[in-house]
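Asks: Residue strings, one per chain:
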Amino acid sequence: MKRRYWYFGALIVFIPLTLWYAGRFSDLPELSFAKAGLEDDHTKRVMVSGEPVAIGNSSEEGLSFFMTDEEGTKERVVYEGEEPITADKISAAERVEVVGHMCSDGEGPCFKAKQIFLKD
Amino acid sequence: MAGHIGSFLLALGFSAGILSGVNYLRAIRKPSETSLNIARSGFYVMVFAVMFACAILMYLILNHRFEYHYVWAHSSMSLARPFLVAAFYSGQEGSFILWTLLTTLIGVFVLGYAQRYRYEAEAMSVYMFVIVLLLLILVVDSPFDTVFAAFPDQMLPADFVPKDGRGLNPQLENLWITIHPPILFTGFAAMTVPFVFAIAGLIRRDYQRWITVALPWTLFASMVLGFGIMLGGWWAYETLGWGGYWAWDPVENSSLIPWLICVALVHTMIVQKRTGVVQRGVTKKIGGLVRTNFVLAVCAFSGILYSTFLTRSGVLDDTSVHSFVTPGNFVYAVLLIILLTFFLAGLSALIFRWKDLSSQTLELKLMSRENWLGIGSAILLASAFVILVGTSWPILMPLIGKPKAKIDMSFYNNTHIWIGLAIVIINALSISLKWKNTSATELKKSLMLTVPIALVATLLVAVFGGVTDPIFTLLMFGALFALTINTIEAVRYLRANWRMAGAYVAHAGVAFLVVGVIFTSRYSVTEHVQLSEGDTKEVFGYQTSFVGRDTIEREKLDREKFEFKIKLEKDGSEQIVRPVIFWSDFNQRQQAFLEPGIVYNVTGDIYISPKSLEGIGGDPTVVLTKGEKTPVPQDSAIEVRFEKFDMSRAASEQLQGAVLEITRPDTSYYYTAYRQVDGRYGMNRLPGSDISVGFAELQADPEDLARSKARIRFASERVPSPPEKQAITLDVSVKPFISFVWGGVIIMVVGFFFSMLRRRKELEAVENLGTEAKPVVADQPESKERDSVS
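So the protein lines, in turn, are chains A and B. In my numbering, each number is its position in the first sequence, counted from 1, plus 29. In my numbering, each number is its position in the second sequence, counted from 1, plus 1175.
Keep in mind that the hints were calculated from the coordinates and are not lab data. Mixed in with the good hints, there may be bad ones.
Stretch-level coverage of chain A by chain B, calculated; a stretch enters the list once three of its residues show a Cβ under 8 Å from a Cβ in chain B [claimed, not checked]: (1) 31 to 41; (2) 44 to 50; (3) 93 to 104.
Mimicking EDC-like on lysine to aspartate or glutamate, the simulated pairs with C-alpha atoms at most 16 Å apart in a straight line are [said to hold, decoys possible]: (4) 1712(B) to 1738(B); (5) 1459(B) to 1381(B); (6) 1731(B) to 1339(B); (7) 73(A) to 59(A); (8) 1579(B) to 59(A); (9) 1819(B) to 1794(B); (10) 1579(B) to 80(A); (11) 118(A) to 1381(B); (12) 1884(B) to 1789(B); (13) 143(A) to 1789(B); (14) 1742(B) to 1789(B); (15) 1338(B) to 1733(B); (16) 1530(B) to 1381(B); (17) 1577(B) to 59(A); (18) 103(A) to 1803(B); (19) 143(A) to 126(A); (20) 1884(B) to 80(A); (21) 1884(B) to 126(A); (22) 31(A) to 1728(B); (23) 1801(B) to 1872(B).
Some chain B residues judged to face chain A by a derived CB distance under 10 Å, without partners named [claimed, not checked]: (24) 1507; (25) 1511; (26) 1557; (27) 1662; (28) 1740; (29) 1800.
Just so you know, these numbers come straight off a predicted model, no measurement behind them. C-beta: ideal position from N, C-alpha, C; glycine also.
With the rest of the complex left out, here is chain A (with noise of 0.2 Å):
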C-alpha cells in the first residue's frame, strides 16, 4: 500500500482520538463540597466556587483558607497548586473558583485545590 494511504489513515483515527482524550481532561464538573464529598473516586476533578472566608495563614501543608459554597457550606480549603498565590490575592478576591478534590478519609475535612481561578 502507498506511504500517503498509513499516513491518512493514521491521520482519520488520530484526529478524533486526540479530541477524544483533550475531552475528558476539561470534563470539570462544577458541584458543591457536599457533592464533591459524595463522588466515589476521591480523586476525581471537580471544580467549587463560592466566596473566600477566614483567609489562613501559610502553613506546613500549603497556603489554606475557609471559603463558603453555594449551598452555604463552609469548607478548609488546602492549595496545592504550582503556580503562585498568596493569601492577599485571595483575601481581595469577591469569588473564588477551586479546581481539585475533596481530601481522603485520613486528612480530615478539606478540599486540595490543584487551581484557584479569582474573581474580583
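Using the hints, position chain B against chain A.
Replies: Quick look at chain B alone, frame taken from chain A:
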C-alpha cells in the same frame, strides 16, 4: 511633534510597502526592470520609515515623554536604562513594532538572497504583504497615541503631561527581558522566510529548487525560535518562581507549535532535497514529500500568526498566567484577518497547483532513512497537533455551546510521554539507517554497539539515579540510545568536517534534553516548610534555617524589596540561598512579588521558592461580618457576635466602633470596641472576664458597605499568647539534572547552527557547480551512505 512624525512614518512605511508589493506582483506578471526598481525603492523607503519610527519611539521612552500613552504605560522616571530600552517592546504595540522592525531588517537580507538566487519578485511580493499587514496593526493601534487621545472620557487638556509613568511590572525588571523577547521575535520574523519561498516556488512552478534555497533559513528560524523558547523557560524558572521551566501555558505552547512544525519541515525538506536533483540552479528531478513541504511551510508560518492571535487578541486572557491587555475589537479583527489571509492564500496556491504536483510521488523503502525521517516528522506534527488542541480548547468549547474551559496540564504530560518515546526511538533509528534502503544485516551491525551501551547506561541510571518507573525507564533507554548513536556519529564527523556534524549534535541535544526532562518531571521532590527567624528544620537532609533578611534596592522608592537568607547545612558545608519577596506601588502593594533562590549544581539544583511572609504568634484575631459570631479563642465559653459598626464618633473624635454582643453562660451584653481612623487601637478588658478585645481592622467593602468586616483581636491574662514573630513559607525542591534541560537545548541550537552553515555552503555548490543529490563536501569521513541528515 515627535509622535506625529512617528505616526506619519508608520503610515509612510505602510504605503511604501503596498507600492513595493504591488510592483513586485507586476514584475511577476510581466518582468520589467522598472517595476522591480520601484518595488525595491518602496521596500527601502519602508525599511527606513520603520527604522526611524522605532528610533522615535525609543527617543520618547528614553526622554520620559509621558504625554504619549505607550511611554506613560510602560516606563517611568525611576526605570534603569536597560529596562527603558526593554520598555520599547514590553507592551502590546511595542511588541508589534519590534516584530515589524525585525521582519523588515531580515527582509533586507532576504532581498539580497532572493536576488542572488533569482526569486526576487515572487518571494518579495509575499514578504511585502506580510510586513504591510504588520504595519496595518501599528497604524490602527499606534504606539504614538497621546494620553489625551487614549482617555477621551477623562476630559484631559490636550497638552496634558503626566508627571511620571506607570512603569514596568517590577517582575519583568531583570536581565531576561532584555534578551528573551528580541530573540523570540527574531524567530517569529525568520519563520516568514520559508513561507515566502514556498509560495514563490508555487508561483514559479519550481517545486524542487525552493527547498534548497529555503532550507538554510528554515534551519535559522528553528535555531532562533528554539533558543528563544528555551530562554523563556529559563526566565520562568530563574525569576518567576513557577517552580519549573515549562507549565504548558498557552503563551508557551503557542510558540512551541510553530517551532515543532518548523522542525518537522526541516526533516521533510531534507527528504525531498535528498530524493530530488537540481543541477546548476535548474530542477532535473522532483523529490518526495513535495506537497507535504508546501503544506508544512504554510502551516509553520500560520502557526506563528495563530500564536500571535491567541496571545494578543485577548481570547485567552482568563486562561493564561501571562497577562495581556485586550487590544480592542479592531485589532482582534485585523489579527484574525491576517491569520486567515495567509493560511487560506497559502493553501489556495497549493490547491491551484495540486494537479501539477500529483505526478510527483515517490515510494520510499520501509527501512530507509528517508522513510523514518518522514515518520519522525509525523510524530513531531502529532505533538504540535496535541498541543494545538489543548491550547485552543478554551476557544473550541464555546463553538460547540460548552463553557470556556482550560485543559488540565496532565493532558499534555500524559500524551507527551509516548510522543517523547517515539521521538527518541525514531531519532536513534533514523540515524542507524542508510539512505535509500538498509538490509537487516546492516541494521543489526549498526545497532550491535549502540543498543548494548544504551542498555547498560539505562541500568546504571536505574540503580544509581533511581529511575525505575517502567515507562520512564523505557523513555530513558530511548534517550540514551539516541544519545549514544548521535554522540558516536557527532564525534566522527566533528573530527573530519564539523559542518557535517550538525544533525548528530542537534539530535544528541534532544536526547540530552529528554534525559533532563525525565529527571526533573518525574524525580523532582518538593517539601513545604514554614520557618520563623532562628528556626532550623531538616529538609531533604539539609539543616535549613531562616537566618535573617536584608533590604535590597533601597534606592527604588516605589518598592520594599527583601532578600531572605536561608542557610542550608549538610556534611559540614553551608550555603546561603536568597529568595526575594517584595511589594511594589505598581500593583498598589496589593500582593507580594516572589522570586526564588537557587543553588545551581550540574547534578541537581536546590530551588527555594517563597510562598508568603507573615507574622505568627501574637494575639489571635478573627474577622467577622455583621451578624457573625465566634467563640473567644482563649475561652470557648464566651461567644462574641459582631452586631454593627458605630460611626457616631467618627466625625467628632475620629473613632470607629464595632458593636459586639458578648454572650457568657450566665449573661449577655453589648460592648463597643473602638479604633482610631489612623489604625491605632487599644485592648480593653471585657467586664467580668480576663479577656481583652480590640478592634484591629475595618475591612471596608466599597461596593456594599453592609458586607464590610471587622477584625477583632483577643488577649487573655490567663492564657498568654506566644510572642509575635515573622515566618516565611517556602517550597524547597530538589531538581535533579535540570542542567541537562538547558544543556540539551544549547547543544541542539549549536547543531542547528552547524547544519545551517552546511546547507548554505551546499546551496552555493549546487547553484554553481552541479547536482545536489550528493552533498558537495570533500572531506567527510568514510562514506557509508549515512551522511548527516540536517
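Asks: Next step is simple, just say for each hint if it's right about the structure.
Replies: Hint check results:
{"no.": "1", "hint": "31 to 41", "result": "holds (count 5)"}
{"no.": "2", "hint": "44 to 50", "result": "holds (count 4)"}
{"no.": "3", "hint": "93 to 104", "result": "violated (count 0)"}
{"no.": "4", "hint": "1712(B) to 1738(B)", "result": "20 Å, violated"}
{"no.": "5", "hint": "1459(B) to 1381(B)", "result": "11 Å, holds"}
{"no.": "6", "hint": "1731(B) to 1339(B)", "result": "14 Å, holds"}
{"no.": "7", "hint": "73(A) to 59(A)", "result": "12 Å, holds"}
{"no.": "8", "hint": "1579(B) to 59(A)", "result": "13 Å, holds"}
{"no.": "9", "hint": "1819(B) to 1794(B)", "result": "23 Å, violated"}
{"no.": "10", "hint": "1579(B) to 80(A)", "result": "21 Å, violated"}
{"no.": "11", "hint": "118(A) to 1381(B)", "result": "59 Å, violated"}
{"no.": "12", "hint": "1884(B) to 1789(B)", "result": "21 Å, violated"}
{"no.": "13", "hint": "143(A) to 1789(B)", "result": "23 Å, violated"}
{"no.": "14", "hint": "1742(B) to 1789(B)", "result": "19 Å, violated"}
{"no.": "15", "hint": "1338(B) to 1733(B)", "result": "15 Å, holds"}
{"no.": "16", "hint": "1530(B) to 1381(B)", "result": "14 Å, holds"}
{"no.": "17", "hint": "1577(B) to 59(A)", "result": "13 Å, holds"}
{"no.": "18", "hint": "103(A) to 1803(B)", "result": "13 Å, holds"}
{"no.": "19", "hint": "143(A) to 126(A)", "result": "11 Å, holds"}
{"no.": "20", "hint": "1884(B) to 80(A)", "result": "14 Å, holds"}
{"no.": "21", "hint": "1884(B) to 126(A)", "result": "22 Å, violated"}
{"no.": "22", "hint": "31(A) to 1728(B)", "result": "67 Å, violated"}
{"no.": "23", "hint": "1801(B) to 1872(B)", "result": "14 Å, holds"}
{"no.": "24", "hint": "1507", "result": "23 Å, violated"}
{"no.": "25", "hint": "1511", "result": "23 Å, violated"}
{"no.": "26", "hint": "1557", "result": "6 Å, holds"}
{"no.": "27", "hint": "1662", "result": "31 Å, violated"}
{"no.": "28", "hint": "1740", "result": "19 Å, violated"}
{"no.": "29", "hint": "1800", "result": "8 Å, holds"}
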